[in-house]
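S.K.: These are the residues of each chain, in order.
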Amino acid sequence: MKQSKGTIAVFLAPAIILFAIVFIYPVVRTVGMSFNEVGNITADSSTWSWTGISNYVDLMNTRLFRISMVNFLKIWIFTGIATLVLALLLATILTSGIIGQKFFRAVIYMPNVISGVAVGYMWLLYVFNADYGLLHSLFLKLGWETAANFQWLSVGGNVFLAMCIAYVFSSVGYYMLMYISGIEKISKDYYESATLDGANGFQKFMNITLPLLKGVIGTSITLWTSRVMGFFALSQIFNSTETTVPMKYVYQLLFGSSDEVTELKVGKAAAAAVVMTVTVTIISMVIKRVIKDENYEI
Amino acid sequence: MKKTYPSSDRLKKNVKKVPGYLLVILWTVFIAVLFGWLILASLSSTKDIFSGTLLASGVKWENYYRALIQNKMLRNLGNSCLYTFSSIILIDVVSCPAAYCLARMKFKLNPVIERLFVVGISIPGIMIIMPMFYMFSKLDLTNSRLSIIFLYTVMSVPYTTYYLLTFFRGVSTSYEEAAYIDGAGPYYTFLKIMLPLVKPAVVTVTIFNFISKWNEYFLALIFASKSELRTLGVGLHQMVQSLLVSGDWAGMFTAVVVAFIPTVVIYAILARQIISGVTEGGVKG
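Protein chains in written order, with the working numbering: chain A, 1 to 298; chain H, 299 to 583.
These are calculated hints, taken from the structure and not from any lab test. Glycine included, each C-beta is placed from N, C-alpha and C at the ideal position. Be careful, since some hints might not be right.
Ranges between beta-carbon positions, derived for each pair [what the hints assert, rightly or not]:
hint	chain 1	residue 1	chain 2	residue 2	range
1	H	Glu526	A	Leu264	23 to 31 Å
2	H	Ile564	A	Ile99	53 to 61 Å
3	A	Thr241	H	Asn312	45 to 53 Å
4	H	Lys314	A	Ile186	48 to 56 Å
5	H	Val313	A	Ile186	46 to 54 Å
6	A	Ala9	H	Gly481	38 to 46 Å
7	H	Leu495	A	Arg289	37 to 45 Å
8	H	Asn312	A	Ile186	35 to 43 Å
9	A	Tyr25	H	Ser442	14 to 22 Å
10	H	Leu372	A	Val70	39 to 47 Å
All chains, full assembly: derive it from the sequences and hints.
M.R.: Structure, rendered in structure tokens:
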């Protein structure tokens, strides 16, 4: 089909112009800010003063930022393993032909459509509550006193665990559906011939499902990485120093915080944003290298 | 081929499924208890919540009056609706023509632009907010409904365009050739022929944009923090913080229920479409 330059412009120009304003310009400016001393978030670039990498040095020497990056890694690895393994397990169960599997899929996915703030408060105000909470009353009924009196929200270790559990609950359904979609694309012939050869369920999972899901698993890890870096709402709700994540740290650098004395430093916040972006990019590239699979997407 | 198992074999096969059933049933029961309790607590008094006897002193519908009217959740709900619906429509208005153009029209920069959008998908919001805040403040648009709608729209343009691109590519070119022979121009061809053909994909991606905009929190907190501009999510956070001070626990649960009910209801209606969107369409949920 023939088309004039004018037609192309009409179709594409709005998207390109908006993209330039909201993606290209801000990325360039944020990187610029990270190498400058910037008075405040609304300061013109003419008032910036070049400081080289001192924002980055300052950042690495800041205890709260280091805590937040360690928390990122802890969530990425431990909560990641919990979420993705559970998602894979649920996907295997819900493709094995059990009765009502469509219904179970829908129920387990449901928390994904609820806002992080609402999910966070459900768990904070109800599930983990020490007086009338779901876990407290459940374990009390079962007669398991130690578990019933477990202080989920106590500062000094458990609040981070509590936050991670809430996060697993809210995100597992999405990865489960991803894996279900991958499993359903695997030809039934493989499983049938394996059954004829006398393979059991576990062997079939290890030798057929897992290798053929490699691409999907790679995609899910990449997606998980960028989402964990964007993790914010739950960290703000389970509010304590131990639950600080990079997004929350940057937010506090830019807009202050009610519970901690944080200095407002825009250049440093920009440096943190660059470090976060580079971290996600490097992890994604490594995963792509490790999982060589032609079905790998994104 | 239909296999018949001896009865002991079939029994064995079913016994093996028991742990699986157990896990998904327990999960479902947990979700049912969680949501059931929250709804009952939202209608109880704070005293009944702490004594473990929900609804004992009667159904407190006034909790909802307090949350929606006195604590202004209705206004937050209105804001969420306005931001979400405006942006999901605008996303389609920008992305559909762009996706069609990139899928079908030949020009030198085409692959470069497509690549740019793919990179755009992976740029985290944190790289964008500071310059946007600066720009909006220069334009006197901080704490304005326009700025949040603008950001919600543009942030989703790369992904939506990229998603629709593959569907436009999947349509046979014979439709356009026939339209061209009949003398149809590019705008007519796009609007009346191509767009209807990819409608299911547009609907799917729009539903997902709806959910992600409705639940968006970080940008809303930064760009719509003034009380009359707050979304449900930001409003919920502020409200719980102040109710914790006043000790109104029933009010908190009412607020949580008001915040999750809209998406849960929509999910109940559209569950099939949403789930097949993830499993077949490969949407980022």
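S.K.: Take the hints in turn and mark each one as holding or not.
M.R.: Structure-based check of each hint:
The supplied range of 23 to 31 Å is met by Glu526 of chain H and Leu264 of chain A, whose beta-carbon atoms lie about 25 Å from each other. For Ile564 of chain H and Ile99 of chain A, the hinted distance range of 53 to 61 Å is not satisfied, since their beta carbons lie about 27 Å from each other. Distance hint for Thr241 of chain A and Asn312 of chain H: a CB-CB separation of about 51 Å, consistent with the stated range 45 to 53 Å. With their beta carbons about 20 Å apart, Lys314 of chain H and Ile186 of chain A fall outside the hinted range of 48 to 56 Å.
Remark: the range hint 46 to 54 Å for Val313 of chain H to Ile186 of chain A is contradicted by a beta-carbon distance near 25 Å. Range check, Ala9 of chain A to Gly481 of chain H: Cβ separation about 22 Å, and the 38 to 46 Å hint is violated. Take Leu495 of chain H and Arg289 of chain A: their Cβ atoms lie about 38 Å apart, and the range 37 to 45 Å holds. For the pair Asn312 of chain H and Ile186 of chain A, the supplied restraint of 35 to 43 Å is violated, since their beta-carbon distance comes to about 23 Å.
Distance hint check for Tyr25 of chain A and Ser442 of chain H: the Cβ-Cβ separation is about 19 Å, which falls inside the suggested range of 14 to 22 Å. The given range of 39 to 47 Å is respected by Leu372 of chain H and Val70 of chain A, whose C-beta atoms sit roughly 42 Å from each other.
Checked against the numbered hints listed earlier, the structure breaks hints 2, 4, 5, 6, 8; every other hint is satisfied.
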